[in-house]
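Q: Here's the letter readout for the chains.
2 protein chains.
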Amino acid sequence: MLNERNWIVTEKHFDLKRQNHAETIFTIGNGYLGTRGAHEERYPGEERTTFIHGVFDDVPIVFTELVNAPDWLDLTLLLGGELFSLSEGEILTYQRQLDLRNGLLTRSVEWRSPRGVRWQLTFERFASLANPHLLCQRVRATAFENVTLEVRSTLSGETDNLNYKHWDWLGQGFQRNSAWLHLRTRSSGIELGVAARLSVNGGGNLQQTGWDTRNAPTLVTTTEMKSGEAVEIEKITAFYTSRETNDPQGAVRRALETLPKRAWEGLWESHARAWQREWEACDVLIEGDDHAHLAVRFSLFQLLAAAPRQDERVSIGAKALSGYGYRGHVFWDTEIFMLPFFTYTRPEVARNLLSYRYHTLEGARKKARENGYKGAQFAWESASTGEEVTPTWVPHPTDRTKLIRIWTGDIQIHISADVCYAIWQYWQATGDDDFMIHRGAEIFLEVARFWASRAEWNAENGSYEFTDVIGPDEYHDHVDNNAYTNALARWQLLTALKVLAWLEGRNPDKAAELRRLLELDENELNRWREIGEKIYWKQDAASGLIEQFEGYFQRRQIDLRSLEPRMQSIQSLLGIEGANDANILKQPDVVMLAYVLPELFDENSLRANYEYYNARTDHTFGSSLGPAIHAIIACRIGKPDEAYEHFMRAALADLEDVRGNAHDGIHAASAGGIWQAVVFGFGGLRFDPEGPKPFPGLPRHWKRLVFRIKYRGQFYEYDLRNSPAGGDEG
Amino acid sequence: MLNERNWIVTEKHFDLKRQNHAETIFTIGNGYLGTRGAHEERYPGEERTTFIHGVFDDVPIVFTELVNAPDWLDLTLLLGGELFSLSEGEILTYQRQLDLRNGLLTRSVEWRSPRGVRWQLTFERFASLANPHLLCQRVRATAFENVTLEVRSTLSGETDNLNYKHWDWLGQGFQRNSAWLHLRTRSSGIELGVAARLSVNGGGNLQQTGWDTRNAPTLVTTTEMKSGEAVEIEKITAFYTSRETNDPQGAVRRALETLPKRAWEGLWESHARAWQREWEACDVLIEGDDHAHLAVRFSLFQLLAAAPRQDERVSIGAKALSGYGYRGHVFWDTEIFMLPFFTYTRPEVARNLLSYRYHTLEGARKKARENGYKGAQFAWESASTGEEVTPTWVPHPTDRTKLIRIWTGDIQIHISADVCYAIWQYWQATGDDDFMIHRGAEIFLEVARFWASRAEWNAENGSYEFTDVIGPDEYHDHVDNNAYTNALARWQLLTALKVLAWLEGRNPDKAAELRRLLELDENELNRWREIGEKIYWKQDAASGLIEQFEGYFQRRQIDLRSLEPRMQSIQSLLGIEGANDANILKQPDVVMLAYVLPELFDENSLRANYEYYNARTDHTFGSSLGPAIHAIIACRIGKPDEAYEHFMRAALADLEDVRGNAHDGIHAASAGGIWQAVVFGFGGLRFDPEGPKPFPGLPRHWKRLVFRIKYRGQFYEYDLRNSPAGGDEG
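In order, the protein sequence lines correspond to chains G and W.
Using our numbering, the letters of the first sequence map in sequence onto residues 572 to 1301.
Using our numbering, the letters of the second sequence map in sequence onto residues 572 to 1301.
Hints are computed from structural coordinates only; laboratory data are not their basis.
Built from N, CA and C at the ideal position, the CB exists for glycine as well.
One or more of the hints may lead you astray.
Claimed, not checked - Simulated DEER-style distance windows between Cβ atoms:
no.	chain 1	residue 1	chain 2	residue 2	range
1	G	R833	W	G821	44 to 50 Å
2	G	I975	W	E828	48 to 54 Å
3	W	R940	G	L657	46 to 52 Å
4	W	G821	G	L657	52 to 58 Å
5	G	D1092	W	S1143	44 to 50 Å
6	G	Q1125	W	E1093	54 to 60 Å
7	G	N942	W	S1143	24 to 30 Å
8	G	E1227	W	L830	33 to 39 Å
To be verified - Covered stretches of chain W (chain G as the covering partner; in silico rule of three or more C-beta atoms under 8 Å from a C-beta of chain G):
no.	stretch
9	650 to 660
10	1148 to 1161
11	1236 to 1249
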């Protein structure tokens, strides 16, 4: 790791009003599961969730959602007969810290009970990265009177997702000082085993018992404490599901049986080592800006905590595993925003994430078929099968007899190209031909086929068009010839032909197999080229401006400055229709395009489009995906300080809740965008035939920027110092 | 009670495949709550519900639903360490019986455990009618070995409604051998207290303990049984909600504290006496047809079990308190189908049910206002406030991206007249002027005002019309001038004027108050008369036929016989649009009208309309409301045996599940219709100025029919014998 500073996220006060935001911030995870930072004891309004990758179940309206697993945090402390709760008694000192180096969450409290007993309590937890099926908790308690300590730990199968229950009970039991519970999701039939072991060390006259309450087996231990004596409670929980084993409840029991009597230390060591390896591959150092430095590391921590290392049939949802937002559904956020971080630092994870798209190709084929197209049309929102799970209708926020139609699942089609873009980028960065041969190529061909079937010939202007789409900018739906969509479609169609040509040379058998399997003939390939080359594309020769979609320039012009100060999005202010009619953007598709396909822009047009769209974008309450990209392009046109403003808007989305919605879960796309802004924006990294090369342009107050990447099997570290001129136009 | 036979509903086999149907059949209740006949021990696929009148909470799609209360049935028996479950071991004998005289549900089982221990077990339960906050259970257990018996009883706050949770935990605790739990509904904020006391009598070395598991306090008792020794388990549960008291959890604790050590016998006596009084007012005797006799009593039992005796702010939903069907929502089913039974046997209950409409008048005013009308438009589906809670959209059964628009909440407007009709009938039958003065009149005036604002003048044919409505026959929506709706609107407008005129004489102050409150002037009253007298009405002079709605005669003619044998509804066969285009009816509005307003029909037109529409009605899988009404009209035209066929179709809807949907809950409207078919159909009861008079026409094989009613404060009993001619045309 690059230095010792800026690793700790701290909460200094217990504040129930912002508990849901804090739960998001203090989410920990190990790529198998993620758990929000709820407290061991319960408080009204809390959202205590544990989401396990791939454990989806049916639900009305949003079709499917990650299921809230049994709560492994639960610890009820009866201190001298009084229930420990910070809502009662008096808090003398309070501090909670998340150590980003290793995901250790620690809470230290001095508390005076309602009856006046003073207690010192330290709670610790981590989700083992070395063995992701194990979750560890430790509590150290000291009382300043002679009292009885009673500790209860319940495994409850009654957890719900915002009132909705997903679990059926199958069985439960006890063995020695552990309890186990066996459950199954109600629709998807995924079985889950969970077991917990509770040990109390210290005190006297230790008594252990188990309450065999149905669907809530409970371990209870009491001990007699002397004044000033420290007692240590250790709880180890194990999870397995039928996604990993045929016998999840046997697996969790065995996982606990093999542990030593006191397990924390051993588990901690392997866990901390595993995290250290992660950071060695990807840590970033920023000198001169502790605030930004911590925020960057927080973003990377959250991405690492959600990264599936053992599973290539899952991907990272828009809120990772950290909250109910978007219900665990996977968007283009993963491929375009999060994936580059993994591709360039942890390519094994990137491969898993891209393999998810391969395994869900059948769902994408189904979607294309059902919409009357050919090939594969990836779901705008994807879950376990790749079928479209975007809600089609959602309740109106105020009029309960009305519904709002959500169109993204129907016509936000750019995602199919985005998936291919990420595959291409991964392949370029890693040289993983095996992936391209056995998985990537098939995706490329099927997506090209989709684009060809979706394109419409317009004889009048002699071009192929994509009408009735939504671009990344979701304020404007049902538009024609969205610049981002059209450019990506063109890129995808022509690149698919390149991929096939490469495959013919590299692995002719596989190429032949795909041609046979997909019934591809020369006519169709020629048609892809014909369409790709003639996709509608328009750019003002003089200004270099690209119109975001046909007719955008004619939308009602609104001066954003006239609406300041503003505490809600433009869509909230103007309504869905009002925002659609206006020229303000949720995020600017042309700026996005300039990042994704820079070869389409020369220096002038890059600057012109940035300036034009930057002034017309709802940066503060529009899409959280935009600011990091703005930061990158601002760097490229030599405005690192303006870039910094965009960058910090992204970097603080979660830690300081600048958008007001961090309680729903972290902004995982923004987190990925932050890494890209550091590396490709301020670091100015580019890939030439000779390899990667930085063209740094640091914000004025940054003294130093260090980051690491892996490119074609080689590690690179860049140690960049500020050049007073700022900006580094390439 | 009129005889000793035909009181017992028996189940002879344990069959998990039909457990949900059996749960409906074995529902017990006491007018405060209703509990489905789930077993004490749990089985997969069970629907164990307890619904308490008026305890509604918000839920997506259907807006609000009766909340499944904590399960009071729960008893886990560990017999010599083996869990008692009929899915394991061997069932030697099995019988379950519901005694309709008193709602005692008894299950007797001889069971051999997997380890070979033979057990004799008898389970009994009743929901006290004398003190409806108390629920009683008793188990007698005998083992034919020396073994330990462990009994566990959990009060769980985790119950859900078809996966959806409504309860928040507030507190729990123990006192002596009872446990209590304090909960609150998540949206509506209704608090609930529940407490249970567990006593075990017999055996030796009795040990009692409590498991304080969060949201699931559990009582545990063990005893050592000798071979052949009988042990008796008694469990008494108490429920109170914040709808009855400010301190529901205190109330339940006090309710148990005041009970004697062994409470069953005392509670049983007062309970059985209360039921006896109920039956003395309403029992029916049928000689010569045990099958029909039991079915009639079953229907009356279910109505009595759901009848609110202490609460005038609730009504009986379409499935009473016996299942999830229609989520406890209240329809016209109550006023037109169930209410006559109460009006003529238990007028106090009828008054409560009608008072519910008075208390929800504000919701009906709101609905009228929001739809652009005046006065009061009663909700098609009504819950706690009277606001419309019909789902506007429901998910498509097969295509999950589609929704189906439900129009009944918008345009099935006849219900507002039906409510008034039931008030009028109640007033005529009881002479309860007080109700009419203080509640009924205001409803009448507000509903008349609604009709007047809804009517449209058609200059072409010189009549007022009601266009774009749904009549009782829901296969046909968006129709104009539905015969039932128009006739009831006319009746309502003109009767409202009569009610006001009567009130001016009977209580001029109240009349003046209402005129002032509602800002009624002579112009408006004149307009009501004008509209009422000129509502569109058409009848073929030659045939006497009335067209169900404009254009009905032109709908596609389908011969129902050509579709036999048929195991689904016409709407399922033809689809929503297909059924709308065809002439087959879910239920015949004109026949319904002939029952409700017989004065509109002479003998010929009665016969003509019955024969015409009878042949075009989906009797088997259309509306369950139709058959009883068909039976009545068939009696009136002298066809008691044809009437009997319709009658039994209604009578067996639940007991023999002839429609295949009894698992959703009982057909409460049909149950009420059955009573009407007996009294007004076969009994031919009519009300002349001199009083009620029967014109019997019994089915051929009925030897004797006896029934009782109360009319204007007097009790009448009719003892009718079959006249061999059958039929008794009046």
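Q: So, for every hint listed, does it hold in this structure?
A: Do the hints match the structure? See the list:
no. : hint                               : verdict
1   : R833(G) with G821(W): 44 to 50 Å   : holds (46 Å)
2   : I975(G) with E828(W): 48 to 54 Å   : holds (53 Å)
3   : R940(W) with L657(G): 46 to 52 Å   : holds (47 Å)
4   : G821(W) with L657(G): 52 to 58 Å   : violated (27 Å)
5   : D1092(G) with S1143(W): 44 to 50 Å : holds (45 Å)
6   : Q1125(G) with E1093(W): 54 to 60 Å : holds (59 Å)
7   : N942(G) with S1143(W): 24 to 30 Å  : holds (28 Å)
8   : E1227(G) with L830(W): 33 to 39 Å  : violated (58 Å)
9   : 650 to 660                         : violated (count 0)
10  : 1148 to 1161                       : violated (count 0)
11  : 1236 to 1249                       : violated (count 0)
Violated hints, in rising order: 4, 8, 9, 10, 11; the structure is consistent with all others.
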